[in-house]
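Keeping the supplied structure of chain C fixed, place chain P upon it in accordance with the hints.
Residue-level listing of the chains:
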Amino acid sequence: MIVSGMVAYAAAATVDKPTGFLGSLATAAEDFIKVFNKGGSVLLSLMGGILPTLIVLLTAVNALVRLIGAEKIENLGTIAARPGIQYYPVRYIILPFVSVFMLTNPMAYTMGRFLPERLKPAFYDSAVSFVHPILGIFPHANPGELFVYLGIATGIQQLGYGLGDLAVRYLLVGLVVIFIRGIVTEAITAKMMSRAEKAA
Amino acid sequence: MDGLTAIVVKIGRAVGGVVGTLYQAGRDAVDTVIRNVIPFMAFISFIIGLILTTGIGEWIAKGIKGSASSLPGLLLISVVCAIPILSPLLGPGAVIAQIVGTLLGVEIGKGNIPAQYSLPALFAINPQVGCDFIPVGLALGEAEPETVEIGVPAVLFSRLITGPLAVVIAYFASFGLYTSHK
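Residue numbers (the numbering used here), protein chains in the order written: chain C, 1 to 200; chain P, 1001 to 1182.
Just so you know, the hints here were simulated from the structure itself, not pulled from any lab data.
Hints are not guaranteed to be accurate.
Mimicking SDA-like on lysine to any residue, the simulated pairs with C-alpha atoms at most 20 Å apart in a straight line are [what the hints assert, rightly or not]: (1) P:Lys1010 - P:Gly1026; (2) P:Lys1010 - C:Leu67; (3) C:Lys191 - P:Leu1160; (4) C:Lys38 - P:Gly1055; (5) P:Lys1110 - C:Gln157; (6) P:Lys1110 - C:Leu159; (7) C:Lys34 - P:Phe1046; (8) P:Lys1110 - P:Gly1063.
Label pairs and their in silico Cβ distance ranges [to be verified]: (9) C:Lys191 - P:Ile1083: 16 to 22 Å; (10) P:Glu1144 - C:Ser41: 50 to 56 Å; (11) C:Leu51 - P:Glu1146: 42 to 48 Å; (12) C:Lys72 - P:Ile1056: 48 to 54 Å.
Here a beta-carbon is modelled for each residue, glycine too, at the ideal position from N, C-alpha and C.
Bound conformation, chain C alone (with noise of 0.2 Å):
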């Protein structure tokens, strides 16, 4: 309150600018009170703009993942953790995706408990790595870091540009990219457990 009014006098004010000792005092402090109404405008613009969307964004897929229950993707669990080729995108597309979007970071790592060890820290890594590709669609899944995201976003919107192209390459280039950290990972692991094996 105080601090909005003081702007709006000064904006409102037609005598010369303040000079000498006090003079420069006081443009100081109007510098100084600048950036912090420059941030309260942008805070509002924030709030303003994205928080009710997300709030009820929020509100139904949290009630989605309540009545579908967590436990159902349990079974997911079991089936990636099979052997063989075919059940490499089970592990490091599906299975990370619908973890990070039923539990949510950073509860989505508990469904590694399925698999064997050799295959835990790739999971981990693929898991870990979409937190933040899901937000431009699913913001629940990582609400507290949702700034990766919004950060760069912001930029686009105020070009004045949609954010839905970004958001869904955001999300596909993101299961693309743990898909390929799953294997890689994978095969770093096995080879660094091969070789404590040796020396074991």
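Showing chain P alone in chain C's frame:
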């Protein structure tokens, strides 16, 4: 009569259950927003205010502009963030990624960085995701201590490969993104 009562009770329970779930979901949503989202928004707003009103913005813009608006520059950022010693330090709470993301967002908004680069940049600033959390994450998956011992370096080294690779993939996936507007 007993049958009718049973049906009424059943319907009542089911409706009550759904409404209760929705209400609880709303409570959780508001709780998350107040505890996790708004505090970060306040913090980010302060940083944006600082960037936009002081000279810091120009200074950052000069530093970032060269590296964030070309593929080699973005690759360099991702390699630095993926260095196994640095990545666990950069990870916690994704705070670094969120701040850098916001800085880049401001520069994109001002037109200093082409909008097309938003997609590869999202991956370039984030190869360290979860690198601070590997032991905890593996413990949540009920991993043995031996697995954790091998898993931590395995994930960290993997990021050196997959971090820059993700940027390259995102770069090629960004063709046609926000370019027709120009």
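Each hint, compared with the structure:
The suggested pairing of lysine 1010 of chain P with glycine 1026 of chain P is violated, with an alpha-carbon distance near 24 Å, which exceeds 20 Å. For the suggested pair lysine 1010 of chain P and leucine 67 of chain C, the alpha carbons sit about 17 Å apart, so the restraint of at most 20 Å is met. About 16 Å separates the Cα atoms of lysine 191 of chain C and leucine 1160 of chain P, which keeps this hinted pair within 20 Å; it holds. Annotation: proposed proximity of lysine 38 of chain C to glycine 1055 of chain P holds, straight-line Cα distance about 14 Å (limit 20 Å).
Distance hint between lysine 1110 of chain P and glutamine 157 of chain C is fulfilled; the C-alpha atoms sit about 11 Å from each other, no more than 20 Å. Of the pairs offered as hints, the one joining lysine 1110 of chain P and leucine 159 of chain C holds, with about 8 Å between alpha carbons and a cut-off of 20 Å not exceeded. This hinted pair checks out: lysine 34 of chain C and phenylalanine 1046 of chain P have alpha carbons roughly 11 Å apart, not beyond 20 Å. Note on lysine 1110 of chain P and glycine 1063 of chain P: the hinted pairing holds, with a Cα-Cα distance of about 15 Å set against a maximum of 20 Å.
Distance hint check: the CB atoms of lysine 191 of chain C and isoleucine 1083 of chain P are about 20 Å apart, consistent with the given range 16 to 22 Å. About 53 Å separates the C-beta atoms of glutamate 1144 of chain P and serine 41 of chain C, a value consistent with the hinted range of 50 to 56 Å. Evaluation of the 42 to 48 Å hint for leucine 51 of chain C and glutamate 1146 of chain P yields a pass: the beta carbon distance comes to about 45 Å. Judged by the Cβ atoms, the range 48 to 54 Å given for lysine 72 of chain C and isoleucine 1056 of chain P holds: they are separated by roughly 49 Å.
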